[in-house]
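Asks: Below, each chain spelled out in residue letters.
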Amino acid sequence: MNFDLTEERQMLQDTLRRFLRDRYDTATRNGILNSDTGMSSEIWAELAELGVIGALFTEEQGGFGGKGFDIAVVFEELGRAGVVEPFLDTAVLAGGLIADLGNDDQQALVEEIIGGGLQLAFAHGEPTSRYDLTRVSTSATEKGDEIILNGRKAVVVNAEAADHLVVSARESGAQDDVDGISLFLVPKDAEGLTVQGYALLAGGRAAEVTLDDVAVPASARLGAAGKASPAIEARIAAANVAQTAETLGAMETACYLTKDYLGTRKQFGRPIGTFQALAHRFSDLLIEMEQARSAVILGAGHLEADRDVRERHISSTKNLIGRVGRLVGEESIQLHGGIAMTQEYELAHIAKRIIMADHRFGDVDHHLERFIALSAA
Amino acid sequence: MDLSYSPEEVAFRDEVRAFLAEKVTPDMQDKVRGKGELTKADMENWHAILNAKGWLAPNWPKKFGGAEWNAVQKHIFEEEAAMVSAPRIVPFGLGMLAPVLQKFGSKEQCDYWLPRILSGEDWWCQGYSEPGAGSDLASLKTTAVLNEAGTHYVVNGQKTWTTLGQHANMIFCLVRTDKDVKQQEGISFLLIDMDTPGIEVRPIVLLDGTPEVNEVWFTDVEVPVENLVGEENKGWTYAKYLLTHERTNIAGVGFSQAGLASVKRLAKSEMAGGKPLIQNPHFAARVAQVEIDLMAMSTTNMRIVSKAAAGQAPGVESSMLKVKGTIIRQEINDLARRAAGAYAMPFASEAVEGSNEMLPDPLGAGPVAAKYFNNRKLSIFGGSNEIQRGIIAKVTMGS
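Residue numbers (this note's numbering), protein chains in the order written: chain P, 13 to 389; chain Z, 28 to 426.
So that you can see chain P by itself, here it is in the shape it has in the complex (with noise of 0.2 Å):
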């Protein structure tokens, strides 16, 4: 047994922190979310060249490292911070399913995006899909030697900044079989796409996005005709463990907040951190917040192991943290009382990151039943 992290990852993790601490205050990121862009392009580049996008790839990919532990190290640190920045989605998302499924031409790209100079996003859900992976109406049909897309994408987070769409189309089945769905690269130019963005409550932007007779050539293709549901599924677990550690990270300050809060706030005369009804409260936070470090490790752990393996903790991971999630978040909100119901307040944004990523790659119940169903398997 050894619960340590690696050196190089331990380095990585102190030099983000040290760097986000100094350079992601509240003011500044509020300023980022109140931008049209809802990013900021020079905070992008400062992390490509920390390491950070490169971090959450392989070796064989170009990048450093990712494995769950390295994108468990990175997320944490970009959650503690409540960095918007879309790494989830251009990484270990758009860029983690090139570097998987892509031919060499299409690898070409992931050198490019680990220096940061690209942006991604992958378009898969759609109005009535909710947290299915395989539930894919969006068709693909071929047509000559190109292939024309049509259909919705919903709520595709990071689509108006992306240079390129990872888009996923069904080339044949019923709408929720998991054979028949295929991966194509789609600029975000491509004629028939129409992308139309709004903020996020927890800051980002996405995008509902209409493929209308797009066409694509045949070369556009990530991988094999009507067989990426395997990919799709590995890149949501890394997803996950990414999103998870990043929940992590934001719970771990939402509590050291609260510590602070508890301690200096007076009523009655003493530090409201005194009163045994909260005190214990806030105790009852740390115990959950080792499940939650303890879950974030299990998921991390087994993002390289077997499928069944592999999901089964997964979902484990992602049931867990977003039970503590709604915990720390509301709780922590209460114990404070007034100041975290306003904007300028680290907290309010830092709250609505945990609660909010139960929205995202399956929430409690969603993972719950997936639990069941692979511990039956």
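Don't read these hints as lab results, they were simulated from the structure.
You may find that some hints are simply not true.
Said to hold, decoys possible - The list that follows gives simulated cross-link-like pairs (lysine-lysine, DSS-like), each with its CA atoms no further than 27 Å apart: (1) Lys206/Z / Lys261/Z; (2) Lys168/Z / Lys206/Z; (3) Lys278/P / Lys168/Z; (4) Lys209/Z / Lys278/P; (5) Lys62/Z / Lys398/Z; (6) Lys398/Z / Lys291/Z; (7) Lys421/Z / Lys278/P; (8) Lys90/Z / Lys80/Z; (9) Lys421/Z / Lys261/Z; (10) Lys50/Z / Lys291/Z; (11) Lys80/Z / Lys58/Z; (12) Lys130/Z / Lys209/Z; (13) Lys295/Z / Lys62/Z; (14) Lys67/Z / Lys80/Z; (15) Lys261/Z / Lys134/Z; (16) Lys267/Z / Lys278/P; (17) Lys302/Z / Lys239/P; (18) Lys134/Z / Lys80/Z; (19) Lys295/Z / Lys398/Z; (20) Lys261/Z / Lys278/P; (21) Lys206/Z / Lys278/P.
As the list claims (entries may be wrong) - So these bits of chain P aren't anywhere near chain Z, every CB distance computed over 10 Å: (22) Ile55; (23) Glu183; (24) Thr206; (25) Tyr268.
Note that beta-carbon positions come from the ideal geometry of N, C-alpha and C, so glycine has one too.
Using the hints, position chain Z against chain P.
Replies: Chain Z alone, transformed into the frame defined by chain P:
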């Protein structure tokens, strides 16, 4: 035991229902449900509609122009209004200041201020909380010092969490007039014109982006002595009396019923695994659990309302209803957020200048997540749930 309304109460409910069906427009309902924002004019318009009917001041005695409803009638109105998403009556003048004036104010004050509340001439806000005085309200520090001529108080300090203060032209404040006595015994109740020089209102943006509360700063603000309510240094007594009025409709049963109906509607349109979400056993169990709690709480509420209608003032039960009522409302907000899935994430940011983005809302859910966050305030304001639990323990154990 009889769990049903009397024939008179049923007739009253039907009258209320018919009135609301006629007067509540789809535009009002949309705004109340979170699609758009109720403007000051919208709220004034709703007050005028109620005033024309004689229903704007349900708890005022008839001699002041009120409806003088009993607790059951008030409950019926509040529940019916919430269920059809009618705008709320803005409570500060009508429900909070007026009862204090009627009980402790002078005849001149009643004659002058009460008609102006009904007519909408004055919009009142509440100046209680301060940055350092939240749960511990009696520690407030805003001072009022009588000038030498004895004609004016000079007020200095800061109030916060002033709801809808941006619309108000008047504020009722708790101020410290004696620093040398026990905290509670040096507080006075002052009526202050917001246009007086030295007052500055600054908006506080809440975590869901809404500008509903404010900070109000007082710098050498002169307030005529006629605007003191009752006696100097007796303000704490009046404030406590006012807080008991803030406690009416504290359980928010109608809001919860409307919210639950909306969750069910949402969960019928949202698809999960190819079936409506409402058929998903885990989601259905969550809905059922909160509905069971709500049914029981609604009955608890009626038991207390009946006692109040019979003239027994509710005591510790108010605190119990506040805690349980807010837990249930917040749980329903949580379910609505969950039901919307990924479509809970989009956000119409008021903060982005000139932003006029259309949000995707295929289910017609409205800003469910923003509402979930906004309603975290329910367990914080009006005496936090921790303060309420303290009251329950203190009253029942005498500690």
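Asks: Run the distance test for lysine 206/Z versus lysine 261/Z: straight-line Cα separation, threshold 27 Å.
Replies: It holds: about 14 Å lies between the C-alpha atoms, which stays within 27 Å.
Asks: Are the Cα positions of lysine 295/Z and lysine 398/Z separated by 27 Å at most?
Replies: holds, 20 Å
Asks: Take the C-alpha atoms of lysine 209/Z and lysine 278/P, compute the straight-line distance between them, and say whether it is at most 27 Å.
Replies: holds, 18 Å
Asks: Compare the distance between the alpha carbons of lysine 168/Z and lysine 206/Z with 27 Å, and conclude whether the hinted pair is satisfied.
Replies: Holds - the C-alpha atoms of lysine 206/Z and lysine 168/Z are around 9 Å apart, at most 27 Å.
Asks: Hey, lysine 62/Z versus lysine 398/Z, does the alpha-carbon distance stay inside 27 Å?
Replies: Judged against 27 Å, a Cα distance of about 11 Å means the pair holds.
Asks: Quick one, are lysine 267/Z and lysine 278/P close enough, alpha carbons at most 27 Å?
Replies: holds, 22 Å
Asks: Within a Cα-Cα threshold of 27 Å, do lysine 90/Z and lysine 80/Z meet the stated pairing?
Replies: holds, 16 Å
Asks: Are lysine 67/Z and lysine 80/Z close enough, with their CA atoms no more than 27 Å apart?
Replies: holds, 20 Å
Asks: Decide if the proposed pair is consistent with the structure: lysine 421/Z and lysine 261/Z, CA atoms, cutoff 27 Å inclusive.
Replies: At roughly 23 Å apart (the allowed maximum being 27 Å), lysine 261/Z and lysine 421/Z satisfy the hint.
Asks: Regarding the pair lysine 261/Z and lysine 134/Z, is the alpha-carbon distance no greater than 27 Å?
Replies: holds, 18 Å
Asks: Say whether it holds or is violated: threonine 206/P keeps its Cβ farther than 10 Å from all Cβ of chain Z.
Replies: Given a closest Cβ separation of 13 Å, the condition holds.
Asks: Is the straight-line distance between the alpha-carbon of lysine 80/Z and that of lysine 58/Z 27 Å or less?
Replies: With Cα atoms ~23 Å apart, lysine 80/Z and lysine 58/Z stay inside 27 Å; holds.
Every hint, counting from the list given before, is met by this structure.
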